[in-house]
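S.K.: This is what each chain is made of:
There are 2 protein chains.
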Amino acid sequence: MSHPIILTGDRTTGPLHLGHYAGSLRNRLKYQDTHRQFVLLADTQALTDNIGSIGKVRESVLDVVMDYLAVGIDPQKTTICVQSHLPALAELSLLYLNFVSVGRLQRNPTVKEEVRARGFEKSIPAGFLCYPAAQAADITAFRATLVPVGEDQVPMIEQTNEIIRRVNSVAGHPLLEEVEAIVPKAGRLPGVDGASKMSKSAGNAIRLSASPAEISAAVTAMYTDPNHLRVQDPGQVEGNVVFTYLDAFHTDAEEVEALKAHYRRGGLGDVTLKKRLDGILQTFLEPVRDRRSQLEQDPDYIRDIVRDGTQKARSLTEQTRSEIYDGLGLFRL
Amino acid sequence: MSHPIILTGDRTTGPLHLGHYAGSLRNRLKYQDTHRQFVLLADTQALTDNIGSIGKVRESVLDVVMDYLAVGIDPQKTTICVQSHLPALAELSLLYLNFVSVGRLQRNPTVKEEVRARGFEKSIPAGFLCYPAAQAADITAFRATLVPVGEDQVPMIEQTNEIIRRVNSVAGHPLLEEVEAIVPKAGRLPGVDGASKMSKSAGNAIRLSASPAEISAAVTAMYTDPNHLRVQDPGQVEGNVVFTYLDAFHTDAEEVEALKAHYRRGGLGDVTLKKRLDGILQTFLEPVRDRRSQLEQDPDYIRDIVRDGTQKARSLTEQTRSEIYDGLGLFRL
Chain P
137 MSHPIILTGD
147 RTTGPLHLGH
157 YAGSLRNRLK
167 YQDTHRQFVL
177 LADTQALTDN
187 IGSIGKVRES
197 VLDVVMDYLA
207 VGIDPQKTTI
217 CVQSHLPALA
227 ELSLLYLNFV
237 SVGRLQRNPT
247 VKEEVRARGF
257 EKSIPAGFLC
267 YPAAQAADIT
277 AFRATLVPVG
287 EDQVPMIEQT
297 NEIIRRVNSV
307 AGHPLLEEVE
317 AIVPKAGRLP
327 GVDGASKMSK
337 SAGNAIRLSA
347 SPAEISAAVT
357 AMYTDPNHLR
367 VQDPGQVEGN
377 VVFTYLDAFH
387 TDAEEVEALK
397 AHYRRGGLGD
407 VTLKKRLDGI
417 LQTFLEPVRD
427 RRSQLEQDPD
437 YIRDIVRDGT
447 QKARSLTEQT
457 RSEIYDGLGL
467 FRL
Chain L
137 MSHPIILTGD
147 RTTGPLHLGH
157 YAGSLRNRLK
167 YQDTHRQFVL
177 LADTQALTDN
187 IGSIGKVRES
197 VLDVVMDYLA
207 VGIDPQKTTI
217 CVQSHLPALA
227 ELSLLYLNFV
237 SVGRLQRNPT
247 VKEEVRARGF
257 EKSIPAGFLC
267 YPAAQAADIT
277 AFRATLVPVG
287 EDQVPMIEQT
297 NEIIRRVNSV
307 AGHPLLEEVE
317 AIVPKAGRLP
327 GVDGASKMSK
337 SAGNAIRLSA
347 SPAEISAAVT
357 AMYTDPNHLR
367 VQDPGQVEGN
377 VVFTYLDAFH
387 TDAEEVEALK
397 AHYRRGGLGD
407 VTLKKRLDGI
417 LQTFLEPVRD
427 RRSQLEQDPD
437 YIRDIVRDGT
447 QKARSLTEQT
457 RSEIYDGLGL
467 FRL
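Protein chains in written order, with the numbering used here: chain P, 137 to 469; chain L, 137 to 469.
Don't take each hint at face value.
So the derived label-pair ranges between C-beta atoms look like this [to be verified]:
| hint | chain 1 | residue 1 | chain 2 | residue 2 | range |
| --- | --- | --- | --- | --- | --- |
| 1 | P | PRO140 | L | ARG439 | 34 to 42 Å |
| 2 | P | SER337 | L | ARG439 | 51 to 59 Å |
| 3 | L | GLU257 | P | PRO140 | 40 to 48 Å |
Incomplete in silico selection of chain L near chain P, CB under 10 Å [unchecked claim]:
| hint | residue |
| --- | --- |
| 4 | VAL193 |
| 5 | VAL218 |
| 6 | PHE235 |
| 7 | SER259 |
| 8 | THR446 |
Don't read these hints as lab results, they were simulated from the structure. Yeah, the Cβ is synthetic: ideal placement off N, Cα and C, and Gly gets one too.
Could you build all of it, start to finish, from the sequences and the hints given here?
M.R.: Below, the structure is given as structure tokens:
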């Protein structure tokens, strides 16, 4: 119980891909041994920009859980829970909206960028604008003090801490502990097309459950050095997605360095290089896919894991909600 | 069970006054015999513009309940419940924020007017901007189809119906029934100073629990006809607060008409007139005050009523929340 509490999670908008693995799942496998880790299936947050695709959000919940288990998230060590079944998160979200102004939410850099990316400039769904308060609710409800986030999400953690300070100020004592963002050193995994972000919607992702043929097709289509026309020519490693993936997924760093040197001096063709990456990704994803196939045969088991985790999370978050209500001096029944 | 469901309530920001009685409590005494009536102690809504006065909001909860019971609200007929102890209301509030845009909330005439009245133009608390969605959540969670509101609150009901239509459209079937505003024929009771609104903060209110001396002092200070300088002069009835109160609280309409005629033709002095109103208000408020004093002796009884009502409301609202989640197709655990 003295381990620090860490909260992570995923919006349930589709199965997870290699970008999720490199950016967060890999770290969660470590944290589950060193921290008290909660992973939130953020289906209600997903609704803030998917209110027209509720079916996708619903169906992705168990997909994401199977991906977790397939890569080695251990439900004995990590609590996996569903946001829409944790009412205390909604209660705290609504409460925290009183501690932040509309203008502050509109100036939140992450929100601004995401509004732009979604084409919401003309009409922002109120739920979308308010989601920083909901995120603060999630984090504090679990009493998490560590939150792994991408660089672009750091302003969300700042906003959470602002809300925490205001809550503490109104309470008159340190009711909530401030939160620390953990930003992974490895940057975000690019899409196979070289775009800065791997995403299902951009069609540049390799799902953790991808078939061998899908993996090979994606590697074949992968962006390399567009000026590397002949095998014997020197090639560029920087910005070459194949090397980024080798860095991320090959366990033999020495071989990766040797391949880079060879590519730079010329004589290493893209086809040969991609074949190597294909082999590495096939080896990495085969057991993941196999475990996932087995899990797909047993939906009751998956559901039990989610039910148990959500029950555990429910106790904790309702306890925190009561402590916050009491600490602020709301009416006690 | 076939009675239509009516939802009313009060923000818990202080004890109730004659304005509440004339504007809503009086009608609730009728509705509790003809409708299935829920009365919501809106403490979380009160926080949207009282986050710095949580103590006042908390302490007003039982005050308001005692006022209800003192005027004759019967907990056997009317369910009295506390908003902050009904998590389904928060869950639906957050959900509904996805069905309304920030711009639409900002254009809501009631919100605009209230933002102005509170001096929030420079910095609107997000919770305040969002409260129309919370109100839609309250109404629909109780499956209320009738909502008594003042004229100024009619746009809130329109906003609720807009949200209901969008929810139904996404659900693909009529999940929620549209709502009807009941606007009382009698306008709002003015303050004793003649201001359009009686309110504790303006210091122009007569509390339901006012002492005899407080009642007399308020009547003495009451705004009449400023041009009615001598007893024998004709006086004006329109805009004369004493007559507005006589209309609202005297049970003998014929005597009120006679007093008006006398005042109009001259010969009825303000002192005499006010003495008559004082007598009427004393007679009306004496039993209310007595019952309230008795209730104050038994806080456990008050608390039990709130606990029972909230428990009943909790079952109903959580049932509705589940039906809405299921109807929209959220993840079922």
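S.K.: Of the hints stated earlier, which fail here?
M.R.: Structure breaks no hint.
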